[in-house]
Amino acid sequence: TLEQTQELYQFLQGELPEGFMLKTPPKLSGKMAFTIIYVLQEKFKLIPDHFEHCERCDVVFDMDFGGDHFDDPGINLCDSCVSHVFWRLAKGEKDNMENAVKEWYAELTNNADMEEGE
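Heads up: the sequence shown is residues 1493 to 1610, going by the working numbering.
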């Protein structure tokens, strides 16, 4: 289920499920945690492949019930984050959705690069 996949995602980032105690829990980044889920989806077929990772808010969501994939820059966004990009678009900041996503993603990756360099 989506809830189980979200719990696995959180576990891989160090959030232990209730009642669990590990001496050394995993502490992966959101991106790496979802990479493991992706392998479980695509290679082993253990998790439905319509569960995706939102690049903006770092949640796992069900693409069958919302969200969108953008080929360029190759990211998935949940419904809430797609709405955020549409809001920027509606304010006249961008010519089209694809450009809005590209620019937002460029800003996001530039900010992440700056934070890592601190």
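What the hints contain is simulated information worked out from the structure, not anything from laboratory work.
Idealized CB from N, CA, C, for every residue including glycine.
One should not assume that every hint holds.
[As the list claims (entries may be wrong)] Here are the simulated DSBU-like pairs of lysine-lysine, each with C-alpha atoms no more than 30 Å apart in a straight line:
| no. | residue 1 | residue 2 |
| --- | --- | --- |
| 1 | Lys1535 | Lys1523 |
| 2 | Lys1523 | Lys1537 |
| 3 | Lys1537 | Lys1519 |
| 4 | Lys1523 | Lys1594 |
| 5 | Lys1519 | Lys1535 |
[What the hints assert, rightly or not] Label-pair distances were calculated between CB atoms; the ranges are:
| no. | residue 1 | residue 2 | range |
| --- | --- | --- | --- |
| 6 | Glu1507 | Glu1590 | 19 to 27 Å |
| 7 | Asp1563 | Gly1511 | 36 to 44 Å |
| 8 | Asn1602 | Leu1508 | 32 to 40 Å |
| 9 | Asp1556 | His1576 | 18 to 26 Å |
| 10 | Met1513 | Asn1602 | 15 to 23 Å |
| 11 | Lys1594 | Cys1549 | 14 to 22 Å |
| 12 | Thr1527 | Phe1557 | 32 to 40 Å |
| 13 | His1542 | Met1513 | 26 to 34 Å |
| 14 | Asp1556 | Glu1499 | 31 to 39 Å |
| 15 | Gly1558 | Thr1601 | 19 to 27 Å |
| 16 | Ser1575 | Leu1520 | 40 to 48 Å |
| 17 | Gly1558 | Gly1511 | 30 to 38 Å |
| 18 | Asn1591 | Gln1496 | 32 to 40 Å |
Against the structure, the hints come out as follows:
1. Lys1535 <-> Lys1523: holds, 18 Å
2. Lys1523 <-> Lys1537: holds, 20 Å
3. Lys1537 <-> Lys1519: Satisfied, since the Cα-Cα distance of roughly 24 Å is no more than 30 Å.
4. Lys1523 <-> Lys1594: Given pair Lys1523, Lys1594 holds - Cα atoms ~19 Å apart, limit 30 Å.
5. Lys1519 <-> Lys1535: Status holds; Cα separation ~23 Å.
6. Glu1507 <-> Glu1590: 19 to 27 Å: violated, 35 Å
7. Asp1563 <-> Gly1511: 36 to 44 Å: Between Asp1563 and Gly1511, where Cβ atoms are some 42 Å apart, the hint holds.
8. Asn1602 <-> Leu1508: 32 to 40 Å: holds, 33 Å
9. Asp1556 <-> His1576: 18 to 26 Å: The hint (18 to 26 Å, Cβ to Cβ) holds, given that Asp1556 and His1576 are roughly 21 Å apart.
10. Met1513 <-> Asn1602: 15 to 23 Å: violated, 39 Å
11. Lys1594 <-> Cys1549: 14 to 22 Å: holds, 18 Å
12. Thr1527 <-> Phe1557: 32 to 40 Å: At 23 Å between Cβs, range violated.
13. His1542 <-> Met1513: 26 to 34 Å: 33 Å Cβ-Cβ, so the 26 to 34 Å window holds.
14. Asp1556 <-> Glu1499: 31 to 39 Å: Since the Cβ atoms of Asp1556 and Glu1499 sit about 19 Å apart, the hinted range of 31 to 39 Å is violated.
15. Gly1558 <-> Thr1601: 19 to 27 Å: holds, 24 Å
16. Ser1575 <-> Leu1520: 40 to 48 Å: violated, 28 Å
17. Gly1558 <-> Gly1511: 30 to 38 Å: Holds, at about 32 Å.
18. Asn1591 <-> Gln1496: 32 to 40 Å: Hint holds: Cβ distance 37 Å, inside 32 to 40 Å.
When the structure is compared with the earlier hints, violations turn up for hints 6, 10, 12, 14, 16 and for no others.
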